[in-house]
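Use the sequences and the hints to build the structure in full.
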Amino acid sequence: MQNDCGCNCNKTDDKRYAELKAYIDSVKNSQGITMGVLQEAQRIFGYLPLEVQKFISENIGVPIAELYGIATFYSQFAITPKGKHHIGVCLGTACYVRGAQKVMDKVVEELGVGVGETTKDGLFTIDATRCLGCCGLAPVMMIDDDVYGKLDSVDVIPGILEKYRV
Amino acid sequence: MNSINELNQMKTDALKGFEVTEGSRVVVGMATCGISAGAKTVLEKLLEEKAARGLADVQIVPTGCVGMCTHEPIVEVFQPGKDKVTYIHMDPDRVSKVVSEHLIKGNPVLEYTLGEGENGKLKNLEDLQFYRKQKRVVLQNCGLINPEDINDYIAIDGYQALAKAVTKMTPKEVIDLMKASGLRGRGGAGFSTGMKWSFAAANEADQKYIVCNADEGDPGAFMDRSILEGDPHSVLEALAIGGYAIGATKGFIYVRAEYPVAVRRLQIAIAQAKEKGFLGKNIFGSGCDFDIEIRLGAGAFVCGEETALIASLEGKRGMSRNKPPFPANKGLWGKPTIINNVETLANVPKILLKGPEWFKSMGTEKSPGTKVFALGGKINNTGLVEVPMGITLREVIYDIGEDCLGGKAFKAVQTGGPSGGCITKENLDTPIDFDNLVAIGSMMGSGGMIVMDEDNCMVDIARFFLDFTVDESCGKCTPCREGTKRMLEILDKITAGKGTLEDLTILEELADNIKNTSLCALGQTAPNPVLSTIKHFRDEYEAHVVDKKCPSSVCKALLNYFITESCTGCTRCVRVCPTKAISGKVKERHVIDQDKCTKCGACMEACTFKAIIRK
Chain Z
1 MQNDCGCNCN
11 KTDDKRYAEL
21 KAYIDSVKNS
31 QGITMGVLQE
41 AQRIFGYLPL
51 EVQKFISENI
61 GVPIAELYGI
71 ATFYSQFAIT
81 PKGKHHIGVC
91 LGTACYVRGA
101 QKVMDKVVEE
111 LGVGVGETTK
121 DGLFTIDATR
131 CLGCCGLAPV
141 MMIDDDVYGK
151 LDSVDVIPGI
161 LEKYRV
Chain H
1001 MNSINELNQM
1011 KTDALKGFEV
1021 TEGSRVVVGM
1031 ATCGISAGAK
1041 TVLEKLLEEK
1051 AARGLADVQI
1061 VPTGCVGMCT
1071 HEPIVEVFQP
1081 GKDKVTYIHM
1091 DPDRVSKVVS
1101 EHLIKGNPVL
1111 EYTLGEGENG
1121 KLKNLEDLQF
1131 YRKQKRVVLQ
1141 NCGLINPEDI
1151 NDYIAIDGYQ
1161 ALAKAVTKMT
1171 PKEVIDLMKA
1181 SGLRGRGGAG
1191 FSTGMKWSFA
1201 AANEADQKYI
1211 VCNADEGDPG
1221 AFMDRSILEG
1231 DPHSVLEALA
1241 IGGYAIGATK
1251 GFIYVRAEYP
1261 VAVRRLQIAI
1271 AQAKEKGFLG
1281 KNIFGSGCDF
1291 DIEIRLGAGA
1301 FVCGEETALI
1311 ASLEGKRGMS
1321 RNKPPFPANK
1331 GLWGKPTIIN
1341 NVETLANVPK
1351 ILLKGPEWFK
1361 SMGTEKSPGT
1371 KVFALGGKIN
1381 NTGLVEVPMG
1391 ITLREVIYDI
1401 GEDCLGGKAF
1411 KAVQTGGPSG
1421 GCITKENLDT
1431 PIDFDNLVAI
1441 GSMMGSGGMI
1451 VMDEDNCMVD
1461 IARFFLDFTV
1471 DESCGKCTPC
1481 REGTKRMLEI
1491 LDKITAGKGT
1501 LEDLTILEEL
1511 ADNIKNTSLC
1521 ALGQTAPNPV
1531 LSTIKHFRDE
1541 YEAHVVDKKC
1551 PSSVCKALLN
1561 YFITESCTGC
1571 TRCVRVCPTK
1581 AISGKVKERH
1591 VIDQDKCTKC
1601 GACMEACTFK
1611 AIIRK
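As given, the protein sequences belong to chains Z and H, one line each in that order.
When we follow the working numbering, the leftmost residue of the first sequence carries the number 1, and every step to the right adds one.
When we follow the working numbering, the leftmost residue of the second sequence carries the number 1001, and every step to the right adds one.
Don't take each hint at face value.
[Said to hold, decoys possible] Dumping the calculated DSSO-like pairs for lysine-lysine here, alpha-carbon to alpha-carbon at most 27 Å: (1) Lys150(Z) <-> Lys1610(H); (2) Lys163(Z) <-> Lys1040(H); (3) Lys163(Z) <-> Lys82(Z); (4) Lys1040(H) <-> Lys28(Z).
By construction, these hints were calculated from the structure, which means they are not laboratory data.
Now the structure itself:
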């Protein structure tokens, strides 16, 4: 049977909801917990589907419209699923003046999807990030936790992406 | 923690672990920049070698940012009675050699160091041109202490300033001392920290708050991150001092979620400070309580603005509001709230210990002290630079940064990030301080300093910053939300070769309106990058709209690719061209059909004879 989120998950069986509930209970008495709860939910679920927003709304007493407003305001929150690997091409100023746009163009060309989008196979999501803080390595790209610096020649990018396809 | 005596005893104990009396202390730069360059594998290899070889007297210590990104990963070896040895560009293989040759046999591995100086001694980072004009006050401990061990901080007089404040001074005396020092907020606006504190102190309230603004959003600035990663306790100590001064018992650190290393080190630091009793109830037996909580941002540049930051802390969309009421009167949950930037706070314990006169001995009359800049872009020495205020831009760029990359001609330096402007070579001899930078059409900002050379198109740079502000505008007020969008559309038009001279006039008019009518500083400063580039580089704008040329060969739509006589007819370009725009016979010069060419540049990259040019 399908839930109204469109999937076959069952909240009562899903341990992830129990984990989120435990977190909510641990902070319930503090002020201004909404952001923290959404961040924890995103960590647990990978993104914030409507079903999860509803669950949070019921548990912390904040209207779902307000939660949705917050989730769409901050760039860190996602309301659609992200790819298995997260690619962050740094478009901070230091990287930009050293040619980061070429890096971004090449990644977009290689994967055939735009910035902020996920590839059809669900493998990659491309994001433009602002300053990763390693300007000495500019231009820089990050895939998950790996940093690739000094991408002065974009020819190496297909090879880098290939490593994550296996 | 009950008394200063107890703290002093702790210091004596901590010094035993900190000062190297036997064996070696090996320090690895483990800030984000170091880790990105591979410091983690270096640290792991060191630990592995230590265990495998049973080197009990070798102490391996992770530390914060040493400051010179170009040489990371950096490892420094301290041994009693010997000069410090600095190794650069380390990797696991190099580690093995350093362990066997230096740590075991006692012979430093010359080839991995910075070489020998004129005096025959090995060069240290301090001997480099990069460091000569720097004055490290705020960054003093970064790269020296282990940020994850509170004892290192205690060993170098940590928490002495807090002890002094709460046991020997009244809150008013603390505020007066801060006022006398002339410390101005390092977040960009440059408001007197002592004055700010006095406003909140004057308010009677059942609860007040002090917040550390660590939402460092300028894309190209990472000063605050380095302080948090390298010396987190200095910020905690300052928050507690500020809390005492204004009467707040609760502090928050609002830090970007994009800084996981800084967040983790703050969490460790807070837990250690609580355990030792520097935070919590009845600090130093003074009857004062103070606690700190970390709150993570979620990727919104506008949250660096204080009213937006407060909204975000309250768990709402980070949208700014009108001032007054100022946060010092009505801030977080309606209570008096002080918001200070990381670098500002990092100065506080030092001023308290060394006095306002010491602080005023550095910098200029109206902007005393030092400022940390993140020097980056087209420059040889990128990294974190701390200089006394009043130093000239020329000294920073040529003496510290050692000129543009690859001998290219300097064009401009951008300060103040998306709120600032470009400074050209005519103004390079301006002494850096809050007021001077505003006078020449830019601003101090939080400390990003990006150097641009002849290959950077200033119209494209203006477009880049506008693209950023359009993305980051919170959307509450019309001038910022709609106005910046319209400005970006015009800039897009110009860089696409469809602009007219009239567009420049409209840009300036729009900019003026947005500056005067936006709700918060984000909108009020958003047009600055455009205005300053139009002012200093009008010729570049005119080249784009009149001649339809991009003088720096950046704006793709305005470029054409040509094949020169150097072509050997190898046909490599024909094979890579995605639109089949190149034709010609084998071993004869090829030509590009401009109508078919999409200007992707693939042919130029593929050509091994440098026969394809772009102009």
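Against the structure, the hints come out as follows:
| no. | hint | result |
| --- | --- | --- |
| 1 | Lys150(Z) <-> Lys1610(H) | holds (22 Å) |
| 2 | Lys163(Z) <-> Lys1040(H) | holds (21 Å) |
| 3 | Lys163(Z) <-> Lys82(Z) | holds (19 Å) |
| 4 | Lys1040(H) <-> Lys28(Z) | violated (37 Å) |
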